[in-house]
Amino acid sequence: MSLFRTLTDKSWEYQGSDTHFSKTRTAAPERIALRFFLGVVGVMFALFITAYFIRMDLEDWRPMPEPLLLWINTLILFISSVTLQWTRMILGRGQRNKLKSGLLAGGILSVGFIFGQLTVWQEMTGAGYYLDTNPANAFFYVLTGLHGIHLLGGLWVWTRASFKVWFGADVEEIRLSVELCTVYWHFLLLVWLVLFALLAST
Amino acid sequence: MAYVPIADQDHALHDPQSFITKYIWSQDHKVIAIQYGTIAILVGLLALVLSGLMRLQLGYPDSFSFIAPSNYYQFITMHGMIMVIYLLTALFLGGFGNYLIPLQIGARDMVFPYLNMLSVWVYLLSVIILMASFFVPGGPTGAGWTLYPPQAISRGTPGADLGIIFMLVSLAVFIIAFTMGGLNYVTTVLQARTKGMTMMRMPLSVWGIFVATILGLFAFPALFVSAVMMTFDKLLGTSFFMPAMVSMGQPLGHSGGSPVLFQHLFWFFGHPEVYIVALPAFGLVSDILSTHARKNIFGYRMMVWAIIAIGGLSFIVWAHHMYVSGMNPYFGFFFAFTTLIIAIPTAIKVYNWVLTLWHGNIRLTVPMLFAIGFIFTFIHGGLTGLFLGNVTVDLPLSDTYFVVAHFHMVMGVSPILVLFAAIYHWFPKITGKMFNVALGKIHFWLTFIGAFAIYLPMHYLGFLGVPRRYYAMGNTEFMPDSAMALNAHITQVAIFVGIVQLIFIVNILWSLFKGKPAGSNPWGATSLEWQTPDTPPKHGNWGPQLPVVYRWAYEYSFPGAKDDFIPQNMPPEDVAMLDGAGKYKGHSE
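Chains as they are written, first to last, in the numbering used here: chain Z, 14 to 215; chain R, 285 to 873.
Worth double-checking, as some hints may not be accurate.
Stated by the list, open to error - With a straight-line cut-off of 20 Å between C-alpha atoms, the simulated EDC-like cross-links for lysine to aspartate or glutamate are:
#1 R/Lys479 x R/Glu857
#2 R/Lys846 x R/Glu857
#3 Z/Lys113 x Z/Glu192
#4 R/Lys479 x Z/Glu186
#5 R/Lys869 x R/Asp847
#6 Z/Lys113 x Z/Glu186
#7 R/Lys869 x Z/Asp145
#8 R/Lys869 x Z/Glu26
#9 R/Lys518 x Z/Asp145
#10 R/Lys869 x R/Asp818
#11 R/Lys867 x Z/Glu26
#12 R/Lys518 x Z/Asp73
#13 R/Lys846 x R/Asp858
#14 R/Lys479 x Z/Glu26
Everything labelled a hint here was simulated from the structure, so no lab data went into it.
Chain R with its partners taken away, still in its complex shape (with noise of 0.2 Å):
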């Protein structure tokens, strides 16, 4: 059979015809990733709100009389609970999954584009419960992200009536929304992709992102299992996960279920779920350091392997979190195994970063910036992790302030550095407008040395023992003074660093209706979204003729090459060589 890429068979697309079918109730993956990114980002900028209130309550005790400790305790829930899932999660799989796969693997758009409008609006659905939870009676859940029972169901636990109800609902609906975008990306990548781009041809975002979504795909479940098994017990009054208790001298009706069920179900959804996070992040990173450093990313193979490495390993290493939950030690034994293995494949990642940036023609564009900044913070993050991938190390240090040092590194700063990095080096391809680059590094530094000036202190309050998840710390001896110092300091730092974040909003504002015309390819790039005839890409993305993929998506400075970059669609004989060089022929002859 004659190969008919799945974009150019015979059947119409889905052309918008008036305002609502363009911009609301779209078919358009571009549109939709806006869509997502855009709510994405208004409920992470909450959740930093809430952050900031925590800060304020830890460094400032007794001073703030509208933080009363359940309000605390929900500040902490809904702050974590928003940014892991419906900011990180939603951004770089709905966000930028969608706005990147079509156009990276040259498809006119997604293969299901009507399953991908209802994922966003089903995903806004699950942002509307979250938020309504805080206007329900009791406000929303305090139990902790990640929702323990019993105490998430039980009398005293902030929420513990309708707020846990609509957090589990929330993310039912958010699973449902994932499921049905990532069975799209997923399908797009196998089918979609334009002639000539081979598996091994897609630009590493593209590699990221599909790992991750298969990643989400089987571990979500793992969440919705759990969801829907909690909320059987607290409203139906089984016993999956409640044990026999006593509230308030009453009896519960519970018997006999296990709270630890509960944490190996959760942990075993939450622990892929920071590869869901953070195997887009390496893709998207791996992509603007190679076209920022005008070289060609290094050991493209061994990135991709260890990709998927990384996301093999990230299923059997759920019980790290459970180290001090009671489970039997020789388990801790083997999870820390397996742990400190995922060291290996990710070094190697880190090691290729690094070397890409090696004799690169490295400019300091923004993007970079971010991208560079990134690499400091994910060592930084990834160091402290082999201390806390050990059992011994771990008892410890688990409930200090050292583990919120820790993942706030690797999971909080680092995906964040890498989607700046990204929302810079796309938003040209974007709107078409180019950013203030001026703003850009302000932001950037201030941001960067920010993050250290918030968590490296806190890892020190970690290795004295300060406790986290406490609301107010008191008078205790092992505490100095200057641990509380310390605390106040991390504060100032934490809300200056959050206000900075504005300069961000408005550049990114600004520029959308000011900026200047940014150019099809102002950083000179090879992969195929950056070929596109029009910026931005029209509906279609390409025209009436796909792109043909000759090449693989990494050909910067080409020896004999008149420009430093050869686009993954140009012919080889058009690409143009400098005097005295002969004709282009690429690495193998």
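Chain Z with its partners taken away, still in its complex shape (with noise of 0.2 Å):
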């Protein structure tokens, strides 16, 4: 059904209860939700993206430079999402003894990455970028800590979903579960993706 069909139906044109315009409600409300979610983070980012190019081109923006780490930690996560995906791929064979392992190898990885930013900041404090010499720093700064916050929101999911798994809960919700998690980290991937290009390019 598409979104023009929906828009031009000509609702009092007729009657009764069974329309085809009634039987698109399958999907669970979760997916839907996050799926909202996900836009407005997205576009939380993309405005702070947007004043990232504009002060950048002020004249007083000194870049950053990226450590080694950044890109270690890069491939933490990406490994992390990989795992998600291959869960939820098990998964949905039904192969529930491998699913305990790769949740939970999914779960330390983010952690991981959460520490390996941690040393990062460290670095670069401990190097002399601090917050407030340079707009360029405070972006870092607050790109990294914005994101790394979204990842201990849901690092908070995940671990909800684990204890479903843990104390057997119903296979179908433990599924919405897993499927949720594994799209949420493919977007925050995503995102920190975009962003390493972006601190990586300028």
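Hints given; two lone chains; assemble the complex.
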């Protein structure tokens, strides 16, 4: 059913409760809500990036170096995302025995990513790149910090999903939780790649 | 897969067990709606008092020793911010959105009741933080409701130390609350409609709230981003927005920041915010007009399209708030163009409201009076908007009372009239009691005429060039004595109209306890919320069976039908017809 057809529906012209417009609600509401939430988070990061570009053009901008560790962190987050995707796929095939290890690995890698980012912060402040010395630094800390906070929020949901798995919840429920986590992780990976490209190229 | 409405899928409904879970930590959308509404109205009353204090100072300068210039700016700031965000946004979306969405689409509750409960408590937290700023050293921020840097966080502005921090934190918390609620409203509309309730059968109230919520979800991040960056500038010494400055002979640590960047971000939120408030108002007023004119809404599809078009356009007009900010003049040209385009869908809506009244069987009930009053004030405010949308006209008028009059007419009085209309309209359903009609009519006429008595002269002051934002006008050549007399007059009327609102409060409270039972459908309305088995609706809304919808929400005065309204959930074969009119078949055959 296309949006156009929905919006051109002459709803006053017919009666009855069985219409072709009312048969599409099979998706879990959590999926829809997650999509909108990703939209909201996406807009927020997009606005930060816009502000970044505008601020960058002003003359006091001094770009920051990118330590090697950032590349390693990126790789860790990437593997974490792939692991969750793998978990989701084996769950789809009904292999519950590997589910726990997959889920656990994904979470631990993400925690590793966050510690990696904190280490980068430490390195940078150690090298004299403080938050308030330059707008480039400020953006670096704000963007990495916000991304990390969103990942922490994801980890909270991941913890709840893990509880479900360990204490044997219903398969459908687990499948939905794992799917939502995976989608969110992919999204945060994408955001991170964009942010990293931005930080690395400027 | 067989169709099972989400609300009837077999997981337990969160039935309330005790007083606390029923009325305080409630997950019922109706209780949450009332909590949202009560908090919003209480904080709105405070903002009303603040505006009265401002008017006292303006009408009678140098007469009130307790209003220092810094207090005046604090009153302005808190009045504006509370009214726009903590009252209007919260009451339309948190209040009416929560109450009406599940009832009008035939759901038992929101799809995420727990998140919904969190939303209202986080909203309360944001209000408490905001109120706390009145009691911190230096008082609340006096930066103006737009909080422009650098002055918002520089010495010399009232509340530049702690007040502004409380304000920014409160806004961030509010945005989190709104996002939780907003995800709920959108998902509920998309996923929890009952059998037969297609998108284009939804009442326009739901459409307005739905699209406004989407706007809110995507516009509030801009405010969040600017609040975060300004908090960093203030607390951690960054220079996102702060340029190099010398304050009291001392250079500040900032350098190179861009205040205009803040303005862009702020208004990228700020303009959609106008429609976050206006679209629900448009929706609610459409339903009220149609019900009390006993006639289907004119051009239902157009109304939906216009809501969507306005919502989309509202994201590309923000810089018309910045014509005088020193941005590139070609931007002004572009934004004037997009701004004036919005007049088209808006005018469609106004024409359709008027055409709904045309040949209607108009009943001048209290909600109807307020709804018609809204058409007047909205046209008035909309037309002055056309003036200000043009760069060349805006430049001389921008800093005058003309702007104050314009946006109070279009964004203050108009939505407030709709809120009154909606509260009077749904009060019988929410409480099961009828309000006092005579008091309601007195309230309407005094408020409606009072609004014009306040704001019409303000336009004139604007043409004279009387500047806004000033604590006192002093003696200037271009302001004749008559302008000062007019200012005093405006103050008298404003105080009077402010006091008149007590009639409303008294009416609501008195009717809540002593009002006559209203019955389940006192207005003879078609939409689902009036067809609930209990009034006020009980937990779960619909008893054992969800309603089934057979038609759109505007089947009024159908030719040949016995009653002048046919509820959405009445099966076609049950519709009673007049003798000789044949069987009811709807509009098509």
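How the hints compare with the structure:
{"no.": "1", "hint": "R/Lys479 x R/Glu857", "verdict": "holds (18 Å)"}
{"no.": "2", "hint": "R/Lys846 x R/Glu857", "verdict": "holds (13 Å)"}
{"no.": "3", "hint": "Z/Lys113 x Z/Glu192", "verdict": "holds (14 Å)"}
{"no.": "4", "hint": "R/Lys479 x Z/Glu186", "verdict": "violated (25 Å)"}
{"no.": "5", "hint": "R/Lys869 x R/Asp847", "verdict": "holds (15 Å)"}
{"no.": "6", "hint": "Z/Lys113 x Z/Glu186", "verdict": "holds (15 Å)"}
{"no.": "7", "hint": "R/Lys869 x Z/Asp145", "verdict": "violated (72 Å)"}
{"no.": "8", "hint": "R/Lys869 x Z/Glu26", "verdict": "holds (10 Å)"}
{"no.": "9", "hint": "R/Lys518 x Z/Asp145", "verdict": "holds (11 Å)"}
{"no.": "10", "hint": "R/Lys869 x R/Asp818", "verdict": "violated (29 Å)"}
{"no.": "11", "hint": "R/Lys867 x Z/Glu26", "verdict": "holds (16 Å)"}
{"no.": "12", "hint": "R/Lys518 x Z/Asp73", "verdict": "holds (19 Å)"}
{"no.": "13", "hint": "R/Lys846 x R/Asp858", "verdict": "holds (11 Å)"}
{"no.": "14", "hint": "R/Lys479 x Z/Glu26", "verdict": "holds (18 Å)"}
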